[in-house]
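There are 2 protein chains.
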Amino acid sequence: MSIYNAPTKDIQFLLHDLMNISASDIPGYAELDRDFTSAILEEAGKVASEVLAPLNAVGDQEGCSFENGVVRTPTGFKEAFDQIREAGWTGLDCDPEYGGQGLPYLMGSSVGEMFVSANMAFNMYQGLTHGAYSAIHAHGSDDQKAMFLPKMVSCDWTGTMNLTEPHCGTDLGLMRTKAVPQDDGSFKISGQKIFISAGEHDLADNIIHLLLAKIPGGPDGIKGVSLFIVPKFNVDEDGNLGARNGAFAGKIEEKMGIHGNSTCVMNYDEATGYLLGEEHKGMRAMFTMMNEARLGVALQGFAQAEVAYQNAVVYANDRLQGRDVTGTKNPEGPADPLIVHPDIRRNLMDQKSFVEGARAFAYWAANLIDRSNRMDDKEAHGLVSLVTPVLKGFLTDKGFENTIAAQQIYGGHGYIEESGMSQFARDARIAMIYEGANGVQALDLVGRKLGQDGGKHVMAFFALVKDFIKENEKDEILQNGFLEPLKNASKDLQTASMYFLENAAKKPNNALAGSYDFMHAFGHVCLGLMWAQMAQAAGKALANGNGDKSFYETKITTGRYYMARQLPAVAMHLARIQSGADTVMALDAANF
Amino acid sequence: MSIYNAPTKDIQFLLHDLMNISASDIPGYAELDRDFTSAILEEAGKVASEVLAPLNAVGDQEGCSFENGVVRTPTGFKEAFDQIREAGWTGLDCDPEYGGQGLPYLMGSSVGEMFVSANMAFNMYQGLTHGAYSAIHAHGSDDQKAMFLPKMVSCDWTGTMNLTEPHCGTDLGLMRTKAVPQDDGSFKISGQKIFISAGEHDLADNIIHLLLAKIPGGPDGIKGVSLFIVPKFNVDEDGNLGARNGAFAGKIEEKMGIHGNSTCVMNYDEATGYLLGEEHKGMRAMFTMMNEARLGVALQGFAQAEVAYQNAVVYANDRLQGRDVTGTKNPEGPADPLIVHPDIRRNLMDQKSFVEGARAFAYWAANLIDRSNRMDDKEAHGLVSLVTPVLKGFLTDKGFENTIAAQQIYGGHGYIEESGMSQFARDARIAMIYEGANGVQALDLVGRKLGQDGGKHVMAFFALVKDFIKENEKDEILQNGFLEPLKNASKDLQTASMYFLENAAKKPNNALAGSYDFMHAFGHVCLGLMWAQMAQAAGKALANGNGDKSFYETKITTGRYYMARQLPAVAMHLARIQSGADTVMALDAANF
Numbered sequence: 005m006s007i008y009n010a011p012t013k014d015i016q017f018l019l020h021d022l023m024n025i026s027a028s029d030i031p032g033y034a035e036l037d038r039d040f041t042s043a044i045l046e047e048a049g050k051v052a053s054e055v056l057a058p059l060n061a062v063g064d065q066e067g068c069s070f071e072n073g074v075v076r077t078p079t080g081f082k083e084a085f086d087q088i089r090e091a092g093w094t095g096l097d098c099d100p101e102y103g104g105q106g107l108p109y110l111m112g113s114s115v116g117e118m119f120v121s122a123n124m125a126f127n128m129y130q131g132l133t134h135g136a137y138s139a140i141h142a143h144g145s146d147d148q149k150a151m152f153l154p155k156m157v158s159c160d161w162t163g164t165m166n167l168t169e170p171h172c173g174t175d176l177g178l179m180r181t182k183a184v185p186q187d188d189g190s191f192k193i194s195g196q197k198i199f200i201s202a203g204e205h206d207l208a209d210n211i212i213h214l215l216l217a218k219i220p221g222g223p224d225g226i227k228g229v230s231l232f233i234v235p236k237f238n239v240d241e242d243g244n245l246g247a248r249n250g251a252f253a254g255k256i257e258e259k260m261g262i263h264g265n266s267t268c269v270m271n272y273d274e275a276t277g278y279l280l281g282e283e284h285k286g287m288r289a290m291f292t293m294m295n296e297a298r299l300g301v302a303l304q305g306f307a308q309a310e311v312a313y314q315n316a317v318v319y320a321n322d323r324l325q326g327r328d329v330t331g332t333k334n335p336e337g338p339a340d341p342l343i344v345h346p347d348i349r350r351n352l353m354d355q356k357s358f359v360e361g362a363r364a365f366a367y368w369a370a371n372l373i374d375r376s377n378r379m380d381d382k383e384a385h386g387l388v389s390l391v392t393p394v395l396k397g398f399l400t401d402k403g404f405e406n407t408i409a410a411q412q413i414y415g416g417h418g419y420i421e422e423s424g425m426s427q428f429a430r431d432a433r434i435a436m437i438y439e440g441a442n443g444v445q446a447l448d449l450v451g452r453k454l455g456q457d458g459g460k461h462v463m464a465f466f467a468l469v470k471d472f473i474k475e476n477e478k479d480e481i482l483q484n485g486f487l488e489p490l491k492n493a494s495k496d497l498q499t500a501s502m503y504f505l506e507n508a509a510k511k512p513n514n515a516l517a518g519s520y521d522f523m524h525a526f527g528h529v530c531l532g533l534m535w536a537q538m539a540q541a542a543g544k545a546l547a548n549g550n551g552d553k554s555f556y557e558t559k560i561t562t563g564r565y566y567m568a569r570q571l572p573a574v575a576m577h578l579a580r581i582q583s584g585a586d587t588v589m590a591l592d593a594a595n596f
Numbered sequence: 005m006s007i008y009n010a011p012t013k014d015i016q017f018l019l020h021d022l023m024n025i026s027a028s029d030i031p032g033y034a035e036l037d038r039d040f041t042s043a044i045l046e047e048a049g050k051v052a053s054e055v056l057a058p059l060n061a062v063g064d065q066e067g068c069s070f071e072n073g074v075v076r077t078p079t080g081f082k083e084a085f086d087q088i089r090e091a092g093w094t095g096l097d098c099d100p101e102y103g104g105q106g107l108p109y110l111m112g113s114s115v116g117e118m119f120v121s122a123n124m125a126f127n128m129y130q131g132l133t134h135g136a137y138s139a140i141h142a143h144g145s146d147d148q149k150a151m152f153l154p155k156m157v158s159c160d161w162t163g164t165m166n167l168t169e170p171h172c173g174t175d176l177g178l179m180r181t182k183a184v185p186q187d188d189g190s191f192k193i194s195g196q197k198i199f200i201s202a203g204e205h206d207l208a209d210n211i212i213h214l215l216l217a218k219i220p221g222g223p224d225g226i227k228g229v230s231l232f233i234v235p236k237f238n239v240d241e242d243g244n245l246g247a248r249n250g251a252f253a254g255k256i257e258e259k260m261g262i263h264g265n266s267t268c269v270m271n272y273d274e275a276t277g278y279l280l281g282e283e284h285k286g287m288r289a290m291f292t293m294m295n296e297a298r299l300g301v302a303l304q305g306f307a308q309a310e311v312a313y314q315n316a317v318v319y320a321n322d323r324l325q326g327r328d329v330t331g332t333k334n335p336e337g338p339a340d341p342l343i344v345h346p347d348i349r350r351n352l353m354d355q356k357s358f359v360e361g362a363r364a365f366a367y368w369a370a371n372l373i374d375r376s377n378r379m380d381d382k383e384a385h386g387l388v389s390l391v392t393p394v395l396k397g398f399l400t401d402k403g404f405e406n407t408i409a410a411q412q413i414y415g416g417h418g419y420i421e422e423s424g425m426s427q428f429a430r431d432a433r434i435a436m437i438y439e440g441a442n443g444v445q446a447l448d449l450v451g452r453k454l455g456q457d458g459g460k461h462v463m464a465f466f467a468l469v470k471d472f473i474k475e476n477e478k479d480e481i482l483q484n485g486f487l488e489p490l491k492n493a494s495k496d497l498q499t500a501s502m503y504f505l506e507n508a509a510k511k512p513n514n515a516l517a518g519s520y521d522f523m524h525a526f527g528h529v530c531l532g533l534m535w536a537q538m539a540q541a542a543g544k545a546l547a548n549g550n551g552d553k554s555f556y557e558t559k560i561t562t563g564r565y566y567m568a569r570q571l572p573a574v575a576m577h578l579a580r581i582q583s584g585a586d587t588v589m590a591l592d593a594a595n596f
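Chains A and B, in that order, are what the protein sequence lines are. FYI, our numbering numbers position 270 of the first sequence as 274, with every residue one higher than the one before it. FYI, our numbering numbers position 20 of the second sequence as 24, with every residue one higher than the one before it.
Hints listed in this document are in silico derivations from the structure and should not be mistaken for laboratory results. Quick caveat: nothing in here was measured; it's all calculated off a predicted structure. Check each hint, because a few of them may be wrong.
[Said to hold, decoys possible] List of simulated lysine-lysine pairs, DSS-like, C-alpha gap at most 25 Å: (1) K510/B with K333/A; (2) K192/A with K227/A; (3) K491/A with K478/A; (4) K491/B with K227/A; (5) K478/B with K460/B; (6) K333/B with K510/A; (7) K227/A with K255/A; (8) K227/B with K333/A; (9) K511/A with K227/B; (10) K82/A with K255/A; (11) K460/A with K511/A; (12) K333/A with K511/B.
[Said to hold, decoys possible] Here are some chain B residues pointing at chain A (derived, C-beta under 8 Å): (13) I219; (14) D347; (15) Y419; (16) E421; (17) A441; (18) L516; (19) L546; (20) N548.
Beta carbons are placed, not taken as given, at the ideal position from N, Cα and C, and that holds for glycine.
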């Protein structure tokens with residue numbers, strides 16, 4: 005059986021030592037003092053460890069079942085879902101006007117991370133509802149908000165996102181699902197959607213499908229796509245459930261992982277739907293939620309790596325195998341624990357330095373989202389838009405890579421399902437694919453975000469790095485292993501950015517062929533910046549004699565590892581980028 | 005449904021254009037002319053595509069079943085196994101004295117690659133038998149050979165390797181299984197072995213377990229381990245099956261992949277066993293087969309990447325999504341095929357350049373094994389021993405990475421089991437773990453192989469690279485994108501080797517902390533050398549106007565991609581290595 009312990013200490017470090025959130029000017033942050041956030045995190049951590057984590061393997065082994073259109077979730081999911089709902093966790097960062105608790109998105113993210121680590125498949129039922137809630141909140145009419153939001157905040161009703169069709173995923177302009185206007189202002193929706201997470205299940209009284217479809221006669225392609233609300237059960241003006249709508253699951257998919265979440269083929273047969281936002285502006289409505297949704301997936305990436313890492317550490321300390329070459333550490337035992345071996349350390353340090361750096365990066369982004377949403381700060385919005393594809397692409401790629409690394413610590417035992425390590429990897433795998441496959445994230449970064457607003461946001465990012473280095477050039481801790489690698493990596497990333505800007509117009513393939521490497525190089529620089537900032541914050545705490553000395557020292561050491569061992573990847577990515585598109589595009593398709 | 009087409013053309017290129025095997029002085033190679041090897045490869049390819057590949061998904065979905073000690077393999081496995089046996093494939097490279105066909109190991113490897121690509125779990129039944137055959141062939145008495153080998157060559161009886169126990173894998177010195185000598189010269193074996201692939205099944209009349217155990221009173225630790233033959237059914241002097249031996253499967257494991265192969269817990273309860281080789285010299289006997297067994301696993305790594313790549317190419321050509329930014333390629337269609345997009349190309353080129361480079365590397369090693377075995381060539385033996393951990397560690401790591409990359413091409417469809425892409429990845433995962441986890445390979449490389457015979461073999465390897473560069477410095481094809489990257493990468497690898505040799509004695513942790521990076525850097529240099537050699541051979545064929553022009557040109561372009569896009573990783577690995585052990589070993593175990 006695998007374990008999960010909520011990393012509340014590390015989260016508290018980020019919220020207070022690093023970000024000093026209770027001193028922030030963002031509305032709603034003032035109340036977030038150490039005690040308050042500690043109370044929330046401790047309680048959420050308990051739920052994660054005691055309620056959700058024990059159901060993780062159950063969900064994987066049982067999966068969901070499908071019979072006559074009815075989907076049953078794994079044993080215990082319904083009870084746990086009710087427990088989460090009733091304790092108010094589902095509305096933590098939702099609008100108080102609709103029953104939410106109004107906490108910042110940052111707090112929602114930190115609790116979300118824990119729930120995802122404990123049980124990713126389970127948490128998706130709530131996560132998707134949150135996404136649908138956000139869409140209706142941003143684009144719905146007052147009536148729509150009043151009708152749907154309170155029940156979705158409480159997860160009495162859950163939500164879904166219906167985008168993909170069998171023949172189109174990324175290229176949604178090819179969509180065939182139709183929405184035919186009716187006299188009463190509603191629409192009749194017909195078509196098939198696939199890969200609909202939580203499309204049908206037994207956890208809630210109603211399911212509110214958000215769905216993209218085309219209104220006949222509208223513009224061709226992506227410009228003719230509109231967003232609709234399609235409830236499983238029709239709802240009357242008093243909020244009572246009425247007749248079953250024509251929205252049915254046709255089957256559930258057998259997947260590599262996240263077995264506890266039902267992935268449905270959804271068939272819409274003249275289902276009643278309601279326009280959400282403006283006609284033909286469905287993609288724009290979707291995009292307003294994109295930063296949040298993609299950050300949510302980024303979180304899944306490192307949250308799986310976190311729980312896999314925790315288990316790998318336990319195993320590395322327990323399993324006795326071989327002897328320390330520099331001298332026995334466990335002379336009474338038949339062998340030393342795995343953790344004495346340098347290559348096991350190397351592996352664990354890779355994981356630890358990734359997970360903690362990733363957490364800082366994700367929380368920084370969540371903080372920017374709060375600043376953007378709560379203060380309408382355009383610069384914060386631009387910056388978080390820029391790094392969103394990096395968060396999603398880099399953290400899920402590396403998150404998966406690190407779950408595999410954690411599984412490796414177990415040797416053969418990690419390949420056996422009983423250990424739980426395979427599930428972490430199989431579950432983490434999907435995060436690289438959905439909410440825009442990582443190649444699409446790289447394209448978004450290089451093709452859209454880099455040049456957005458005249459390249460203003462990427463310049464702001466580089467200025468941030470430069471200013472940090474300048475402000476801290478006398479910091480002795482940072483002088484030792486932080487500033488120099490960060491400076492070099494940032495310089496390489498700037499060189500790569502220039503390469504793209506120069507090639508974008510005349511040789512777009514040169515830019516696109518390097519997009520994936522650029523996303524990874526950018527990710528490393530972001531984590532490098534986070535580590536330098538964390539080391540600075542830890543150094544300050546040490547100087548002030550605050551708290552747990554060993555925690556802060558460990559933080560600095562772990563950062564030094566990341567700078568020494570991971571940042572050299574940036575130069576490699578730059579070399580790959582600068583090799584251009586020639587070797588990438590040279591072959592005829594027939595020669596593959 | 006996934007497809008598999010045997011890469012016979014590429015294999016023929018390696019055997020003849022690159023290695024010119026029929027002109028080799030290795031005994032048995034003279035008969036391997038183009039027509040002869042073509043006939044074998046075409047026929048094996050047909051078996052792989054038509055008999056084995058269709059059972060791959062069946063094996064994954066059904067898995068093996070266990071009831072009352074009886075293991076049933078998936079539907080169709082028995083019939084296919086009989087077909088393979090009866091056609092003589094199982095004895096292809098076995099000793100004619102025992103019914104084998106006596107072909108070189110190189111040919112066994114090329115056919116093996118195909119069978120593994122088509123159905124890895126299935127092929128393990130035969131592969132493990134081959135391993136056990138080799139052990140008995142090398143260390144058995146004449147009576148043992150006469151009794152067991154003919155039936156194992158034909159796979160009427162299959163074989164297993166029993167090493168791991170619940171508390172010990174890598175550190176076999178901790179072993180508890182006991183072998184008590186009997187008056188008649190046999191032993192009574194008692195203990196439990198785990199992770200025994202093909203430990204029990206319904207494909208063969210008898211199962212010959214090779215097992216490591218300790219004879220009471222022998223030396224402590226690894227020096228007191230002996231190797232035994234323990235048949236499932238006792239065999240009388242005439243080869244008739246007698247009483248059931250006390251060797252029973254206790255259960256089969258639920259695994260991440262290779263479901264079609266039964267992974268058993270084996271319980272030995274006073275089972276009759278026969279000493280194989282000398283008392284207490286069991287590990288030495290095991291090690292004589294290690295190069296072959298590890299090359300077999302290396303082959304699994306890239307063979308899964310090969311079949312995954314083939315399917316990714318089909319999908320990338322079929323799936324219409326988005327438009328080529330440089331101009332529409334499919335104006336009549338609703339969108340262009342995925343393969344027009346630079347990042348899809350980048351991904352496919354990563355896969356293609358890895359798989360073809362890996363194949364060349366593995367076949368080169370197989371060729372060295374033939375030279376070593378058939379000519380008792382010590383230098384060939386030393387060289388293949390040196391690169392064996394690189395083959396096993398690098399090719400299985402990268403093989404898995406590339407199956408994941410292939411799965412990514414499919415987007416959401418790749419996560420659905422129906423596509424078959426998940427199985428390739430789940431199956432490939434085990435190759436990083438068994439036959440010595442890849443961290444142990446890295447340790448073997450740095451701790452044993454690098455300094456072996458005074459560093460003679462690594463110097464021979466560097467001389468090989470240097471000589472190749474010197475001999476071809478005027479080659480125009482190689483001047484363009486091959487020689488310079490190879491020179492630089494080889495130089496970085498030499499610098500790393502020096503770092504290890506300097507640190508090994510006084511600071512062993514510095515060497516060990518960089519072992520994994522060294523293994524990968526070494527792998528890249530090997531593939532770089534292979535690509536330079538292949539480009540040279542392709543250029544020669546083009547100059548001579550031989551065969552398929554487009555094939556040879558594609559080969560050179562693919563090589564250029566590898567040099568430009570993969571070799572920059574070597575400098576990164578060097579930087580990581582040179583950062584030493586300080587950040588790796590700094591934390592107390594309690595601070596992880």
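*Of the hints stated earlier, which fail here?*
Of the numbered hints given earlier, those the structure breaks are 4, 5, 7, 9, 13, 19, 20, listed in rising order.
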